[in-house]
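What follows is each chain in one-letter form.
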Amino acid sequence: MAASTTFRCSSLSSACRLLFQKQTAGYRQLRFLSSSSQDNSASDAVSAAPENEERDPFPVFVQPRVQELLTRITGFDLMKVAGPQKKPLQRPIYKLMTDEQLNAELSSAKERLQHRLQMPPYMKPRRPHLTPLSVDPELAGFDKSNYVFVDISFGVKDRKRSVVIREVDGTLRVAPWDVKERMNQIYNPREGRHVVKPSMFEEANLERMISEKRYQYVLDRACCQFEPDDPDFIRTTHRVYNAVDQCGDYEHLRSTRHFGPLAFYLAWHSSIDGLLVDMLDRDKAQDARDLVVLFADVHPDSSCAAAISELPQQDDDVAVIKTYLATDCKNKDKVELSLRAMVDSQRSKGKTQNSSL
Amino acid sequence: MAASIPMINTIMKRILILGSKHNTGQCRTTNLTWCRTLMQSQRRYQEESEAQENSEEDLTPKRKIVDPETSIRYVHSPEFVKGYGDKPVWFHYRRNFKGKIPPPTRENCIRQGEIATASPCPICRDEYLVLDAKNIKLLEQFICPHSGEIFDSMKTGLCQTQQKALTVSVMRAQDQGLLEMKLPFRTYDYEDYKS
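Those protein sequence lines, which keep their order, are chains R and P. Each residue of the first sequence is one higher than the one before, starting from 1 at the first, in our numbering. Each residue of the second sequence is one higher than the one before, starting from 1 at the first, in our numbering.
Worth flagging that the hints you see were computed from the coordinates, not collected in a lab. Heads up, some of the hints might be wrong.
According to the in silico footprint, chain R covers these stretches of chain P (three or more CB under 8 Å from chain R) [said to hold, decoys possible]:
{"no.": "1", "region": "147-153"}
{"no.": "2", "region": "179-191"}
Here are some, though not all, of the chain P residues that point toward chain R, as calculated from beta-carbon distances under 10 Å [to be verified]:
{"no.": "3", "residue": "His76"}
{"no.": "4", "residue": "Phe80"}
{"no.": "5", "residue": "Arg172"}
{"no.": "6", "residue": "Asp175"}
{"no.": "7", "residue": "Gln176"}
{"no.": "8", "residue": "Lys194"}
Just so it is clear, the structure is predicted and the values come from calculations on it, not from any experiment. Just so you know, even glycine gets a beta-carbon here, dropped at the ideal spot from N, CA and C.
Let the hints inform the model, and build the full structure from the sequences given.
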């Protein structure tokens, strides 16, 4: 802890003294060392973390089945995905097309836009590196400030880039995450990310933006600014997800890239009832079923998962939701009421269609 | 000769609008209904009698200094609507320059604490307009609704000092999340996060 504070004090002077090292033999050794120490520090920190946080959500999140469910419930509203956006003014392009060409153009545009719904990864907060790479007391007092070594060889990705610090007392350690991100932004700047964290993510400003219901902007900017396993990213997004869940503003995030992570968050924390009621009220039976299946996938040990796997016909939406109602539902009355209302409305719709035929 | 008479008339009108001594809040010309006298502070080279008045009471500042909170209240008040209508504050401002090609706007309108020009820029002419990060309604008038960019000073007529202040306060407002900015789309490679 003390070491990191000394670094912050002298961060300015050390930034001036950045040393660039390309792939020398010694540096390769360093990189090897850093990777081994990360493993050590991770195993050290595991014992300190509480037991229920030990499970890593990311492997569950990237399962193809879970991804498919999340994409399906996100929906695709063309106006929301590709609605009016602020961009530099340009002249419109007019083209004369046949119907076939127009349809081909539309479908290719839809394919391109699917990419805009790529979900930000849902991860657990990263852990600080604790164990030093090497302690060399004979180097103590070599200078008045810390030295930062950054690997700037071509083609290294930001997450794989090794950044190490030689401290004044001679200790060599992997740089803290904030230093690593600052170095990444200096050598490999990414548009939309600032070296200094925007004050928008401070508590007071965040509170104001959430009360103004500007959820999407907060989440978009958090994606630009932070890595998905940054504790700040996780705090901000969870804060927004909670607010959305409490106010029932799921419609704000539907058809955006954040709806999947929102649903996953709710499923992970076993509080999907609000979202389920919202889906049933909007007559989205298929989505509601997908959400229950997602819940069962995320919690394979729960009684709901066992009950669903024993169902004779798994395609029946209402049956799956009823299974959830019978097992893990916390707010039974509300969900049951919405389910009944939805079934009734579907039945009456079917009747009118039959009579019109 | 005939052509010069209307020109003299317009010049006289301008002098009447900007240089009215008695700032009662009413416009003297009848055909410009949007206008009210915006300036209340002293100008340089004002008439002698007034200058003497000012010298007697030395403690009063030459130009009224308004804090951002007051400015925000002003921008939301009916008085503001009466002065500017539903148009941006720079909409009716006309620059005063010789020749066909407009030169860059002037460095500043206020020198040594008082207005030093006959046609100060839209922000300088009204001392109750203060550019601040929290004054969102005012800042939005200087941002293009389609592209999200700050308007050029050649379009709005702001002096360079105020244009800089505008840029800084827009950036501050974006930092605090008061104004939205255009964000790039970030693509994730899931492979990076495995392991």
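Q. When the nearest CB of chain R is found for P/Phe80, is that gap smaller than 10 Å?
A. At 23 Å from the nearest chain R Cβ, P/Phe80 fails the 10 Å test, so the hint is violated.
Q: Have a go at the P/Lys194 hint: is there a Cβ in chain R nearer than 10 Å to its own Cβ?
A: For P/Lys194, the interface hint holds, since the closest Cβ of chain R sits about 7 Å away, which is under 10 Å.
Q | When the least beta-carbon distance from P/Arg172 to chain R is tested against 10 Å, hint result | A | 9 Å, holds
**Q.** Hint status (Cβ of P/Gln176 to nearest Cβ of chain R, threshold 10 Å)
**A.** For P/Gln176, the interface hint holds, since the closest Cβ of chain R sits about 5 Å away, which is under 10 Å.
Q) Was the hint right that P/Asp175 lines chain R, CB cutoff 10 Å? A) 5 Å, holds
Q | Assertion that chain R covers the region 147-153 of chain P - criterion: three or more residues, beta-carbon distance below 8 Å | A | holds (count 3)
Q) For the region 179-191 of chain P, does the count of residues with a C-beta closer than 8 Å to a C-beta of chain R reach 3? A) With 9 residues closer than 8 Å to chain R, the region 179-191 of chain P meets the three-residue bar; holds.
Q: Would you settle whether the hint for P/His76 is holds or violated, based on the nearest Cβ-Cβ distance to chain R being less than 10 Å?
A: 17 Å, violated
Of the numbered hints stated above, those contradicted by the structure are hints 3, 4, listed in ascending order.
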